[in-house]
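Participant: Spelled out, the chains give:
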Amino acid sequence: MNARINDFVIKIANVNGTGSASANGLLMKAIFRMGIPVVGKNFFPSNIQGLPTWFEIRVSREGYLARSGRVDIMVAMNAQTYARDLADVSPGGYLLYDSTWPRDKQLTRDDITLIGIPLAQMVNQQFENIRARILMKNVCYLGALAALLDLDMRVLEELLKETFADKQKLIAGNLKAIELGYQYAKQHCDCPLPLRLEPMHATAGHIMVDGNTLAALGCVYAGATVGAWYPITPSTSLMDAFKEFCERYRVDPETGKQRYCIVQAEDELAAIGMVLGAGWNGARAFTPTSGPGLSLMNEFIGFAYYAEIPAVIFDVQRVGPSTGMPTRTQQADLLFAAYASHGDTRHVLLFPADPAECFHMAVAAFDLAERLQTPVMVLSDLDIGMNDWMVPKLRWDEGYVPDRGKVYSREQLQDMQVFHRYTDSDGDGIAYRSLPGVHPGGAYFTRGSGHDRRGAYTEDADEYQDVLDRLRRKHDTAKALVPAPVVRSKKGVKTGIVSIGSCDAAVREALDILARGGTEVNYLRVRGFPFNREVEEFIERHEHLFVVEQNRDAQLKALLLLETKVERRKLTSILHYGGMPMDSRCIVSGINEALAKGAAA
Amino acid sequence: MSFMQKPRVSHSQLPRNELGLTTRDYEGSMSTLCAGCGHDSITAALIQAFWELNIEPYKVAKMSGIGCSSKTPAYFLAEAHGINAVHGRMPSIATGANAADRNLYYLGVSGDGDSLSIGFGQFAHALRRNINMLYIIENNGVYGLTKGQFSASADVGSKAKKGEVNQQPPIDPVIAALTLGGSFVARSFSGDKGQLVPLIKAGIMHNGFALLDVLSPCVTFNDHEDSTKSYAHTRQFYHPAVHADFVPQKKPIRAAYDDGESMPVELHDGSTVVLRKVSKDYNPTNRARAYSYLHEHQKRGEIVTGLLYIDEDQREMHDISNTVSAALRDLPYAELCPGSAALEEIQNLYR
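Line order of the protein sequences matches chains A and B.
Under the working numbering, think of the first position of the first sequence as 1, with each following residue one higher.
Under the working numbering, think of the first position of the second sequence as 602, with each following residue one higher.
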């Protein structure tokens, strides 16, 4: 096999609850610190202990962050899934197994190389404690991989020391386990393998982090003070992270008191209610959730739309319908979020594609929610929210001033003859609001029942329609305020891809693959709803568009058909919805097949 | 439903409170409830209580859900913000509003359908969190707006207007509040303003969640013979166990209370509730005793009223979560944003 430097996939099959996640994280981070672009995807069960789990690390000198569809080295640590893991290895690849126990001779392949290392045996000789034996077996394969792949041992040791800085006792044991694996591989295998690592300088100025953490950080920087939530996979780590950041950066240094309030609600109905109560009362408030939670929030989302109360909702999408597959990823809440709740409703949505965008869009979401006085939903997904991605380091603009929107101050209310809550005085569909407890002149009754432009109850057709039509104008105003799409296009190219969110990495890789094959395709990634003018223009400029998304029912395509002037015949769907993060292959083959049929000729 | 503008008439003879305001300044728009509705009496008691407490109306946030009772916040404190949430979800709105600004007065008005059926979960959890608010349930045992279905507080054997007899045991909000750890549990009757006004005042000044269940007969759908929530039935089985007198901060407490019979309880702001026991063996600071007393009297069909339980030392939500004393919504952005240097520091963790 020819040497493949910094371009391969390692997949580790394990049992959940054995501490493999930290060993795998160390491996990925060590590669990152060697300056080599890397991405990791965790495929974990909705379970605490005992079920199969996989971690896939793609090393990519080109910097591709999607899955590749290959498995070059399989570390098969789970007897339960051994047959399947063996079959998954790409031809010419390697499988590393624990040779402490006899391998099933029935299961073999002659197109791959098997590497046996007596992990359990070595570890059991060195460690007494049962739990340590389980954990150290995972650290031991890390050592073996280090030798096989030429991983920089100094980097690994340094990382280990940082990781266990608070638990010094653990360092020696971990180092010993690494050394066991490393030495065994050195002595018994042909190290390094043709697949190996070589230091680069491609990760400088980057960080490796998950989207939920950065979304939480965005909430802190946006000045959010109230967070209400109900735990649900895969959004839970967002509030966990918010709490951690707040404990560090949001405590009054003099009194030790908190400049934030987090309420773990009894359910998602209450969580969104708390966010609305806080938003109505002038605080920046948010709730993280996932599909089932968003379903429960429906009634209140309609209330917030109609009563015009700012709120920020993070929907970290998982596989539906119903409970679906809680630990798998999808983009199937799109249509439901766009028109959530009964009656004529339409909402402002933001679509981050990676953790860095989770940060920036979190900040933008609060500005938009207060500017537009409406709920804003950030539609992330499990892949973005829970996996570590390599993204450019964040910069903070010290000149940032939160956009609190149109809120009358005490002084303004004092000088006012009369205040009417729902009157459009600026012509942009956005009325001025007042906050409770500020001035008697600002008092009004917030209601989800029919109301006129003054805020009074009405059952009159004209008065009702007057408000409803203004809400539509307000939504149109949002078109120019939501983030513009990201466009990659060349003049004269008539075929394009329209995609969304976490498909981005796979689409970008597909574009390069197609270009190498002589097919130029332009690309637009929508980042907000309602769609801005740039989306319309891109669609108009192209004769044929492939809409790439992660759901069965082509929801982005449906939304484009509903909300733009696009002709149906222009759009072809490329859909991926099995729950695993998307890779470029389905896009490349989808487009090639369509082109072969002459669809875009 | 303010189809009719209520005239703002001010009589020069009307007494003024310390803010120079008359009770008229505490009124709202015209009630659209049925003539004789118990809820209107509660509205009048609220107006009286806020006026007597010298609270500026705009410092109050009025919250409600859906139903006849939930309409009433439009009928008092015109200068206060009000919010009519979705059905049964007022407690969560109140929780969030309170989280944003702990320094306003929060008043929730709900009904037996809103709090004991569709909103039972939120009611229980707001109470459990000890949100600092007065929570009134205007309890009539019936769904008025949908024309007369039984609610969850209807008693076994109570007969509906159309003749149907309720078979399911009722949920008693007072018993529920006692068992869920409520810090202020009271019951009154819309027809007894003398008892109701001090209870409202004490509930507003209580530092935590004050539950006030007020029997408030529905004249249209539940005031007939064989109804256990009618005016006649309530009057007949009315059993005040404790009288509460509210003594504001500045006034000295009269020394004339007899030790065995009265008990002053100091509230957070320095004001006092003086409890006068009607029933000798009643102790409103002992949760278990209060519960068994209620239970026994309930078996006899009696409706026990008064300030039935109070614990002023129970910590409210913000005290538990150690929030700053200023309103979170008013904190300057500079105190909330960690800045670019901190962002550098944070990101070192992800290298």
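Treat the hints as calculated values from the structure; they're not laboratory data.
As the structure is a computational prediction, the values presented were derived from the model and not from experiment.
Cβ coordinates follow ideal geometry from the N, Cα and C atoms, glycine included.
Mixed in with the good hints, there may be bad ones.
[To be verified] No more than 20 Å apart at the CA atoms, straight line, and that leaves these computed lysine to aspartate or glutamate pairs for EDC-like:
| hint | chain 1 | residue 1 | chain 2 | residue 2 |
| --- | --- | --- | --- | --- |
| 1 | A | LYS176 | A | GLU158 |
| 2 | A | LYS393 | B | GLU945 |
| 3 | A | LYS243 | B | ASP920 |
| 4 | A | LYS257 | B | GLU945 |
[Claimed, not checked] Derived DEER-like restraints, expressed as beta-carbon distance ranges:
| hint | chain 1 | residue 1 | chain 2 | residue 2 | range |
| --- | --- | --- | --- | --- | --- |
| 5 | B | GLU946 | A | GLU567 | 33 to 43 Å |
| 6 | A | ILE262 | B | ALA935 | 13 to 23 Å |
| 7 | B | LEU781 | A | PRO102 | 37 to 47 Å |
| 8 | B | SER922 | A | GLY116 | 32 to 42 Å |
| 9 | B | ASP920 | A | HIS342 | 38 to 48 Å |
Participant: Against the earlier hints, flag every one the structure doesn't satisfy and list their numbers going up.
Facilitator: The structure breaks hints 4, 5, 7, 8; every other hint is satisfied.
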